[in-house]
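Based on the hints, put chain B in the right spot on chain A.
So the chains spell out like this:
2 protein chains.
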Amino acid sequence: MTLPDISSLSTVASIGGGPIGGGWAAHFLARGFDVRAYLHDPAEEPAFREIIETAWPCLTELGLADTASLERLYITSNLEDAVAGAAFIQESAVERLDEKQDLYHKLGKIVGADIVIASSTSGLLMSDIQARCDIAARTLVGHPFNPPYLLPLVEVVGGAKTTTDSIDWAMAFYQHAGKEPLRLKKEIPGFVATRLQEALWREALHMVANGEASPEDIDRALRFGPASRMAVQGQCMAFHVACGEGGMAKNLDQFGPALKLPWTRLDAPELTPALRNAMVDGCRDMAGSESFKTMAAERDQKIARILKVVRQKG
Amino acid sequence: MTLPDISSLSTVASIGGGPIGGGWAAHFLARGFDVRAYLHDPAEEPAFREIIETAWPCLTELGLADTASLERLYITSNLEDAVAGAAFIQESAVERLDEKQDLYHKLGKIVGADIVIASSTSGLLMSDIQARCDIAARTLVGHPFNPPYLLPLVEVVGGAKTTTDSIDWAMAFYQHAGKEPLRLKKEIPGFVATRLQEALWREALHMVANGEASPEDIDRALRFGPASRMAVQGQCMAFHVACGEGGMAKNLDQFGPALKLPWTRLDAPELTPALRNAMVDGCRDMAGSESFKTMAAERDQKIARILKVVRQKG
Numbered sequence: 001m002t003l004p005d006i007s008s009l010s011t012v013a014s015i016g017g018g019p020i021g022g023g024w025a026a027h028f029l030a031r032g033f034d035v036r037a038y039l040h041d042p043a044e045e046p047a048f049r050e051i052i053e054t055a056w057p058c059l060t061e062l063g064l065a066d067t068a069s070l071e072r073l074y075i076t077s078n079l080e081d082a083v084a085g086a087a088f089i090q091e092s093a094v095e096r097l098d099e100k101q102d103l104y105h106k107l108g109k110i111v112g113a114d115i116v117i118a119s120s121t122s123g124l125l126m127s128d129i130q131a132r133c134d135i136a137a138r139t140l141v142g143h144p145f146n147p148p149y150l151l152p153l154v155e156v157v158g159g160a161k162t163t164t165d166s167i168d169w170a171m172a173f174y175q176h177a178g179k180e181p182l183r184l185k186k187e188i189p190g191f192v193a194t195r196l197q198e199a200l201w202r203e204a205l206h207m208v209a210n211g212e213a214s215p216e217d218i219d220r221a222l223r224f225g226p227a228s229r230m231a232v233q234g235q236c237m238a239f240h241v242a243c244g245e246g247g248m249a250k251n252l253d254q255f256g257p258a259l260k261l262p263w264t265r266l267d268a269p270e271l272t273p274a275l276r277n278a279m280v281d282g283c284r285d286m287a288g289s290e291s292f293k294t295m296a297a298e299r300d301q302k303i304a305r306i307l308k309v310v311r312q313k314g
Numbered sequence: 001m002t003l004p005d006i007s008s009l010s011t012v013a014s015i016g017g018g019p020i021g022g023g024w025a026a027h028f029l030a031r032g033f034d035v036r037a038y039l040h041d042p043a044e045e046p047a048f049r050e051i052i053e054t055a056w057p058c059l060t061e062l063g064l065a066d067t068a069s070l071e072r073l074y075i076t077s078n079l080e081d082a083v084a085g086a087a088f089i090q091e092s093a094v095e096r097l098d099e100k101q102d103l104y105h106k107l108g109k110i111v112g113a114d115i116v117i118a119s120s121t122s123g124l125l126m127s128d129i130q131a132r133c134d135i136a137a138r139t140l141v142g143h144p145f146n147p148p149y150l151l152p153l154v155e156v157v158g159g160a161k162t163t164t165d166s167i168d169w170a171m172a173f174y175q176h177a178g179k180e181p182l183r184l185k186k187e188i189p190g191f192v193a194t195r196l197q198e199a200l201w202r203e204a205l206h207m208v209a210n211g212e213a214s215p216e217d218i219d220r221a222l223r224f225g226p227a228s229r230m231a232v233q234g235q236c237m238a239f240h241v242a243c244g245e246g247g248m249a250k251n252l253d254q255f256g257p258a259l260k261l262p263w264t265r266l267d268a269p270e271l272t273p274a275l276r277n278a279m280v281d282g283c284r285d286m287a288g289s290e291s292f293k294t295m296a297a298e299r300d301q302k303i304a305r306i307l308k309v310v311r312q313k314g
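Chains A and B supply the protein sequences, listed in that same order. If you use my numbering, the first sequence closes out at 314, no skipped numbers anywhere. If you use my numbering, the second sequence closes out at 314, no skipped numbers anywhere.
Treat the hints as calculated values from the structure; they're not laboratory data. There's no promise every hint is true.
Any copy, or any two copies together, can satisfy a pair, since identical chains are not distinguished.
Stated by the list, open to error - With a Cα cut of at most 20 angstroms, we get these calculated DMTMM-like pairs of lysine to aspartate or glutamate:
1) Lys-293 - Glu-61
2) Lys-185 - Asp-128
3) Lys-308 - Glu-298
4) Lys-308 - Glu-180
5) Lys-293 - Glu-45
6) Lys-313 - Glu-61
7) Lys-250 - Asp-285
8) Lys-293 - Glu-50
9) Lys-161 - Asp-66
10) Lys-186 - Glu-212
11) Lys-293 - Glu-53
12) Lys-308 - Glu-61
13) Lys-308 - Glu-212
If we strip away everything but chain A, and leave its shape as in the complex, we get (with noise of 0.2 angstroms):
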C-alpha cells in the first residue's frame, strides 16, 4: 500500500471545532493546504472561523505559502464529506476514550487504508485509542502545542498496531507542513514536552499551596528567569554551554550532588555512568564543531532580542 505523495498533497482533513482543531486548520491553510474541517455541531461554525480569523495576523507575519488562502477552507458536519479526498487526517476531537474509539472506529470504515489520520491527544494512548479502527496501522499521535498555528513542535508516536511506514510518513509530512515533529521513542503518558512541562507545572502548584509563591511570582521567575534561555537553547544545552569547555560533563560533576537537594519536590533519578554518558554525548553530538564561545554569543544574542520581545507593552 503506498502512501500518498507528499509534495502533491494538496488536501488535509481536520477534525474537531474547538481550540485545537482550529489551530490546526488555521495552520494547514496558512501553508496552501485545502482544508477539509469537520465540526461536530454546525453550531461551533462562527467560534471556528474566529479561531482562525484571530490567528491569521499571525500566520501572515511567519509568513504564509504562496497559495494560501482562507478561502480554501471547507466546513461540513458530515463526516464522510469531511474526509473525502482528503490526503491526511488531523483529529482534534474531545479528548474522551470512549468517543475517539467510536470515531477511530467510523474513521475505519469510511477512509482509504492508505490515509494517515494523527491524533492530537496529549492524555491518551494510540494503543487504546485505536483499539476498534480497521485501519489502526494509519493511526498514530501528533501531538500539537498550543496554540498549534504558532508553536512548531509535533510530538509523533504510535500504538501497538501503527507500523512503522506510517510514523515514517507523518514526520515526513509534519516537516514538509512547515512543522517541528519529535518522533517519540516510547508511548509514554504525557509524551516528553508535557511531561516537562507538567513537572515543573506540579512544582508551582506546591509553592502556591505551600504559600512560598504566587501565581505571578510564578511567572515573573519564569519570564525573566530561565525561559528565555530555553527558548534558545533547551535546557540540556543550556547547563553545557554554560560550564563553558568543561561542557555537560562538568556540569554533571559540579552539580550532580545537587541532584539528592531538595530543590523540588521531585526525586531525582540515579546518576549512573550510563546517563552521565547519554548526557554529555547528547550535548556533544548537538554542539558538533560549534566553539563555546561561538554558542555563547550566539546564546546572547538571541535572549538579548527575545527579551526585548517580551518586555515590550501591549
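Same frame as chain A, now just chain B:
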C-alpha cells in the same frame, strides 16, 4: 542607621572572578556604576576581563546607561580595598558554606553597618551563610540567573537575622539597577525559579535514563514547544489565557483530574479549594482589565517574534 541613597549611588563591589561575578560586574558597568571587583587570585583577571568583554556587545544592544564605561572597572585581590567606598556588595564567591561563612565574617569586620551584601548563592541559605557575620542584618540572597548580565531575574530573600529594611532596600536597588527583583515569601531550598527549572530538569534526566528521550529530544521539545510561550506569559497566565473566558478556573476544573495522571514522576499537591482559589485569583489579578482576546493576540504576536529569533541561523 540610614541606608545609602539609591538614586545617587555610584559605586558597587562585585566579589568573585567566575562567570557569575564577571556577569554581575558587566551588568553593573553597563548600568553606569563604578565597579570594584574582588578576585581571590590575581591570575583570574584575564578570564574575568574576557567575560565582561564578551558580554559587552549584547549589553550595548540592550542599551547602555549614558555613563556606562568599561573604564569604570577596578580590579583588586585585596578584599578591604575592593569594598572601600562601595555602597552595595554583590557576592559571587565559591559555593561552599564554610568559605562563605568565613567571607561574611571578614566582611562584617570591614564593611559599614549601612551596606547591604547580597549573595548570588543558588543552593545555600542565608540563615546559614550569615551565622558568623557581625552585620548579618544587612545580608541577604540576591540570586541571579545565568548569564547574569542578560537575564533580568534576581530572587531576593533574607536569612533569620536579615532585617526588613535591608530587603526593601535591595528590592529598590535592583529595580533601579535594571533588574527584575522577585521578593521571596520564604527561604526555601533552590528558591522559586530554580525549583521550577529543577523539576523540569529532573524529569528530563528520568526520561533520558529510561530511554524515553535523548538530550536532543528534550531540547527540541522545549524550544519548539512550551518555552517561547513561557517567556511571554510564564505558565499560570499561559494556561489562563489558553482557556479563553473560562481562564484558570476552567483549566483547573478540566485538567485537575490529570494532576493524578502519571504525566511526570512528580506527585502533584491536592487541588484543595484554597489552592484552586489562589491560582484563579492570582491569574485574574494579573490579567486586570485586559480582555482574553487582547491577551491572546499579544501572546501570539510576541511568540511569533520570538520564534523568528529562535529559528535564526548562526
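Verification of the hints:
1. For a Cα distance limit of 20 angstroms, the shortest separation of Lys-293 from Glu-61 across copies, 18 angstroms, qualifies, whereas the shortest one inside one copy, 32 angstroms, does not.
2. Taking the shortest Cα distances, Lys-185 and Asp-128 sit within 20 angstroms of each other inside one copy (18 angstroms), while across copies they are farther apart (45 angstroms).
3. In the homo-oligomer, the alpha carbons of Lys-308 and Glu-298 lie at most 20 angstroms apart both inside one protomer (16 angstroms) and across protomers (14 angstroms), since each shortest distance falls under that limit.
4. Taking the shortest Cα distances, Lys-308 and Glu-180 sit within 20 angstroms of each other only across copies (14 angstroms), while inside one copy they are farther apart (25 angstroms).
5. Taking the shortest Cα distances, Lys-293 and Glu-45 sit within 20 angstroms of each other only across copies (18 angstroms), while inside one copy they are farther apart (52 angstroms).
6. Taking identical chains as interchangeable, the C-alpha atoms of Lys-313 and Glu-61 lie at most 20 angstroms apart whether they share a chain (19 angstroms) or sit on different chains (19 angstroms).
7. In this assembly of identical chains, Lys-250 and Asp-285 lie within 20 angstroms of each other by CA distance solely inside one copy; the values are 16 angstroms within and 42 angstroms between copies.
8. Only between protomers do Lys-293 and Glu-50 lie at most 20 angstroms apart by alpha-carbon distance; the minimum there is 11 angstroms, versus 46 angstroms within a single protomer.
9. Taking the shortest Cα distances, Lys-161 and Asp-66 never come within 20 angstroms of each other, neither inside one copy (38 angstroms) nor across copies (65 angstroms).
10. Taking the shortest Cα distances, Lys-186 and Glu-212 sit within 20 angstroms of each other only across copies (6 angstroms), while inside one copy they are farther apart (36 angstroms).
11. Proximity of Lys-293 and Glu-53 under a CA criterion of 20 angstroms is satisfied inter-copy only: 12 angstroms between copies versus 43 angstroms inside one chain copy.
12. In this homomeric assembly, Lys-308 and Glu-61 come within 20 angstroms of each other (Cα to Cα) both inside a single copy, at 18 angstroms, and across copies, at 10 angstroms.
13. In this assembly of identical chains, Lys-308 and Glu-212 lie within 20 angstroms of each other by CA distance neither inside one copy nor across copies; the values are 29 angstroms within and 35 angstroms between.
Violated hints, in rising order: 9 and 13; the structure is consistent with all others.
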